[in-house]
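K.L.:
Each chain is listed here by its residues.
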Amino acid sequence: MAGGVGPHLTTHRLTITPKGHDPRVDDVLRNAHDLGLDRLRNVAIADIYFLSGTLGQAERDEIQQILVDPLLETGSWDSCASSNGHHVIESLLHPGVTDSVATELQRLASTAGIDVATATGKRFELTGDLERADLDHLAASVLANPIIEQWTIDTPARPTLTAYTDVDRPRAEQIDLSSATSDVALRELNIERGLALDIEELRVIRDYFAQLGRSPLDVELETLAQTWSEHCAHKTFRAKITSDDGELRDSLIDTLRKSTDDINAPFVVSAFVGNAGIISFTPQRTLALKCETHNHPSAIEPFGGANTGIGGVIRDILGAAHSPIACTDILCFGPPTLSAGEVPAGVFHPRKVRAGVIDGIADYGNKIGLPTVAGAVLYDPAFTANPLVYAGCIGSASHANGQTYVESKPRVGDRIIVVGGKTGRDGLRGATFSSMTMDATTGDVAGASVQIGDPITEKLLCDVLRDGQSTYTAITDCGAGGLSSAIGEMAQELGADVDLTFLPMKYPGLAPWEIWLSEAQERMVVAVGNVAAFAALCDDHDVSYTDVGSFTGDNRLVVRCNGQVALDLGVDFLHHGRPQRNMNAVMPKPNRVVPSTGPTWLTECTPMEHLRRLLAHPNISSKESVIHRYDHEIRGGSVVRPLVGAESDGHGDGVVLAEPTDEHGIAIGIGVNPWFGLVDPQRMALAVVDEAMRNVVAVGADPSQVALLDNFSWGDPTRPSTLGDLVAAVDGCVQAARAFSAPFVSGKDSLNNEFFGSDGQRHAVPPTLVITAIAHVPTVASTVTPDLKSAGNALVLLGSTHNEFGGSHLAMIHGADTSGVVPEFDPRSPERYRLLHSAITDGLIFSCHDCSEGGLAVTLAEMSIGGRLGITCVPTHEFGDNELSIDLFSESLSRFVVEVSPTHVSEISRLFPESSRVIGYVTDDPQFVLPDGSRLSVDELRSCWQGSPT
Amino acid sequence: MKPSALVISAPGTNRDNDAMLALQLAGASVNVMSIKALISSPQHIENSQMIVIPGGFSYADALGAGRLFAHDIIGEISDALKRAVEQGRPIIGICNGFQVLVRAGILPGGSRRVALGPNIGGNFDCRWVRLTPSSQRCIWTRSLNEEIECPIAHGEGRFTCEAETYVELVDNDQIALRYASANPNGSTGAVAGICDESGFVLGLMPHPENHILERQHPQFHRGVKGHLGLNLFKQGVAFVNN
Chain A
418 MAGGVGPHLT THRLTITPKG HDPRVDDVLR NAHDLGLDRL RNVAIADIYF
468 LSGTLGQAER DEIQQILVDP LLETGSWDSC ASSNGHHVIE SLLHPGVTDS
518 VATELQRLAS TAGIDVATAT GKRFELTGDL ERADLDHLAA SVLANPIIEQ
568 WTIDTPARPT LTAYTDVDRP RAEQIDLSSA TSDVALRELN IERGLALDIE
618 ELRVIRDYFA QLGRSPLDVE LETLAQTWSE HCAHKTFRAK ITSDDGELRD
668 SLIDTLRKST DDINAPFVVS AFVGNAGIIS FTPQRTLALK CETHNHPSAI
718 EPFGGANTGI GGVIRDILGA AHSPIACTDI LCFGPPTLSA GEVPAGVFHP
768 RKVRAGVIDG IADYGNKIGL PTVAGAVLYD PAFTANPLVY AGCIGSASHA
818 NGQTYVESKP RVGDRIIVVG GKTGRDGLRG ATFSSMTMDA TTGDVAGASV
868 QIGDPITEKL LCDVLRDGQS TYTAITDCGA GGLSSAIGEM AQELGADVDL
918 TFLPMKYPGL APWEIWLSEA QERMVVAVGN VAAFAALCDD HDVSYTDVGS
968 FTGDNRLVVR CNGQVALDLG VDFLHHGRPQ RNMNAVMPKP NRVVPSTGPT
1018 WLTECTPMEH LRRLLAHPNI SSKESVIHRY DHEIRGGSVV RPLVGAESDG
1068 HGDGVVLAEP TDEHGIAIGI GVNPWFGLVD PQRMALAVVD EAMRNVVAVG
1118 ADPSQVALLD NFSWGDPTRP STLGDLVAAV DGCVQAARAF SAPFVSGKDS
1168 LNNEFFGSDG QRHAVPPTLV ITAIAHVPTV ASTVTPDLKS AGNALVLLGS
1218 THNEFGGSHL AMIHGADTSG VVPEFDPRSP ERYRLLHSAI TDGLIFSCHD
1268 CSEGGLAVTL AEMSIGGRLG ITCVPTHEFG DNELSIDLFS ESLSRFVVEV
1318 SPTHVSEISR LFPESSRVIG YVTDDPQFVL PDGSRLSVDE LRSCWQGSPT
Chain B
4 MKPSALVISA PGTNRDNDAM LALQLAGASV NVMSIKALIS SPQHIENSQM
54 IVIPGGFSYA DALGAGRLFA HDIIGEISDA LKRAVEQGRP IIGICNGFQV
104 LVRAGILPGG SRRVALGPNI GGNFDCRWVR LTPSSQRCIW TRSLNEEIEC
154 PIAHGEGRFT CEAETYVELV DNDQIALRYA SANPNGSTGA VAGICDESGF
204 VLGLMPHPEN HILERQHPQF HRGVKGHLGL NLFKQGVAFV NN
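Top line first, the protein sequences correspond to chains A and B.
Our numbering numbers the first residue of the first sequence as 418 and each following residue consecutively.
Our numbering numbers the first residue of the second sequence as 4 and each following residue consecutively.
Read the hints as simulated data drawn from the structure, not as lab findings.
Mixed in with the good hints there might be a few duds.
[Unchecked claim] Derived SDA-like pairs: lysine to any residue, alpha-carbon spacing no greater than 25 Å straight-line:
(1) B:Lys-228 with A:Ala-1198
(2) A:Lys-436 with B:Lys-228
(3) B:Lys-39 with A:Asp-956
Could you put the whole structure together from the sequences, leaning on the hints where they help?
P.N.:
Here is the structure:
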């Protein structure tokens, strides 16, 4: 909402209805029917623009002429009556939720000399025999989202378009805390203010202020709680952990760091420091790498949660002084086919979550102008109430010859400039917020814990920061904790004196702690020596900035607001005063004895039937409909795309990007497998690092030039078994990183992803570790895709297959998801990947695809579909050493299928003496023939895999 | 001397750099300017031999794709653009730029109106298409003797107009490009791009600037070559050079 004029003016409304078929209607009807609201037969959707001010007919005509295209739409003023007695629901954004359309409408009106306050809304005219309960359900679950929107039923919506005058400026308040405060009182305070601190931490804070001889102000307490939060301080990853085997371990973060130090890769410039990991890519260029999660926000507001997740990770890259060049996304949802009765109360249908998340990612990435290139979509019932959204970003920075990235640090005397969007109650804790008394005029200005992003503001920020690199000495993004975290971090070796009084606000009435902790989007903090030069650049790009203070060198963080000192803390206490946690872990004890025979269900149907069912499984089937929603062509850098093959509908392994002017490529690969994680978290970690490595090696990347990112989404780590799973997974990560000499450079953990199951119990999400591999491709001309290229070529399997069905997709299909062992890491894989890379570089490999979910049979089917060519497998006795169905469907690691010229088969056998085997030939006849002679046409194979959209 | 091309951006324009690369590779020298800067010094239009409005989400597509950017242009800038056309200087609007030229009334020109509505599928869609050049009037397409292949990346690209307008555009040879592959957005007559009556102004939804190198073709790894989008920009540059 954009404010500006007095409260007593007329509010005009212009309703714009599209002509012809409105595709939005299909989505609404499907979402309603998913929830069992079958009585909704049809809906007409219109946009409403509210303008509050003095508008004559001439002004109305002018506005209508600009906003309504008669070929596409009809416009009508002030009409709100329903036609034909249909029910009407009208929705509005809550005041304070970002509404860039309203802002632009106001700007547009003002260019025409019309002074108005503006808001936008939506109108739904509903057809069908609907009861009041249906209307309530439709409004809250389909047409609007209570987190960010409000609605009216059968009465016209009226936005709050009031003036913000004479609003009190709240002051920081004393918290009742002294040396005499008991543990019981501390715990009460902890709950009352939603601090999420433990008793040790609360005591340390109490004693600190007792020593100072004063009680804390609310700003100070909130700042400590924020800085010491799990999200910012990674208390679990930094804890001392005692495991049930009696071992006292290094902290998890130290375990990961130590592996990176020991690997000592020459290309690592900065690991586990600051906003992102930095690697050197070419002598003139460094890359910044980061992946984040935005799980909880995406669960409650799928569009806004995913939208701001992308915005946040892009700012991480900006905060590392790199220009963003590409985004990635890994999404975990509940099954799209869930029936209405299976969706828990208060939870969106997985299809609605998916639609919102994908819209949110597409909206931000497409608008800011970054290709969204790599990712994965996973489905499991465990993600229904707890969807996971991982958003990654890669940035690039050029350096003069002989120079490289240097982590920038503010200097004493540098000014602290907040640049970008305005500050509001965005993202402040809902619990704390709801207990507050609102200011009379701000009325229902809510601090939505989820916001809608503003990609255009962030695009302008990117441009300023790119053009102005020489004008600032240090930079940090405003993420969790807002300014408290951004300025707090920058000031941790210097101290700073900050005044929040003149920071631009979305609306008045914010308490100092709200301003200081606000998570309003699209803001960065920069340390600037020459303010005039930086300011001029901001003016050029239409980006707003505020000078809020300076770095002092006295090691104190002082925050002022409206003439009051609202915070005065030693930076040492703020950043190093937190006591280290001690935690207990019960380690997982998975079965690792390989059974002598395959699982009994393996013989329940024919190999071809297994294959058909695997190809149709939502985790394996085509993701084409999602991929087309993202712009993966912008910047002209896509060399190996997410969609490949003769008809651009096959799935690739990794993707390769290259600046159009550059021969060096960046390969990106993703590894994730929560089903392995449920059975054996340590092997899962090894497996997903291996998968990410396979994905980059398969497209032609150099396996000796790979950096890794780790992202853990886990349950509550105070449950010793959940922590044990985490410890085991970190162990697996480190073993794999050392085996491949591929260092971790950045990571993030999202813990406490828990949900209530149908049994009424709390459950953790499956251990979901996402590994992102970023690798160097020496020359993009020698990259490879997985689609088959020409008939007559031989297909060679590299690697060996074992009876490993634990957590496999075939086991899942047969309802036996914990049977068998999770595939074991193959210690020969690093050497195999090096050899494969040299074979690719030498031009021996025409196509290459790794074996992952669904095993070898799915790999072959995907290669065949991508190339629209047939495959005839060799007979069963030549195909492998196991039962046929084990060879076809086991998910053993470290395997690839490569397509080579028949004349090169002997050379390939020489290169890979112990692990290569010819398993089939490419045929012009588009038939897919398994070793047992069963066959299916490539078209039938493709229709299994593409299926019908769910 | 290389022909000078002016690329006009607005907040949210994001394929300005891609357009610049394409123009440079086609042999032009390129100057990118924001609409804000251009409004205060519109003589840059007079000083440029080609004018390009590139793709993106100007003003976040708020109030409709291209609408607010077009509103910036209507007036002094559109007058200067019309003078450029009278003097035979080529103009191209790509994707959001096409939407802007349509909303600003520069395309198709005259009293006729066309519109670019939401894709029939309802979503933003990014995929490769094949385009058939079909106008001898349009200076950008008339010497093209092969199809162009390049991606689309838009949510509002459905070309639509009244039936008699369509007939008139066909009769006038103003349909510059049609989708040769499946119609991706439900456009009337599979129209991907149109020119004005002079033939100097082209607007198109697809992104020829993203196919300026052979390796950018999605079937590059299958040995498919040619049909570069670069050819379109070369036509514009060649026209200026002659």
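K.L.:
Hint by hint, say whether it matches the structure.
P.N.:
Hints, one by one, checked against the model:
no., hint, verdict
1, B:Lys-228 with A:Ala-1198, "13 Å, holds"
2, A:Lys-436 with B:Lys-228, "41 Å, violated"
3, B:Lys-39 with A:Asp-956, "11 Å, holds"
Going through the hint list in order, the structure does not satisfy hint 2, though it satisfies all others.
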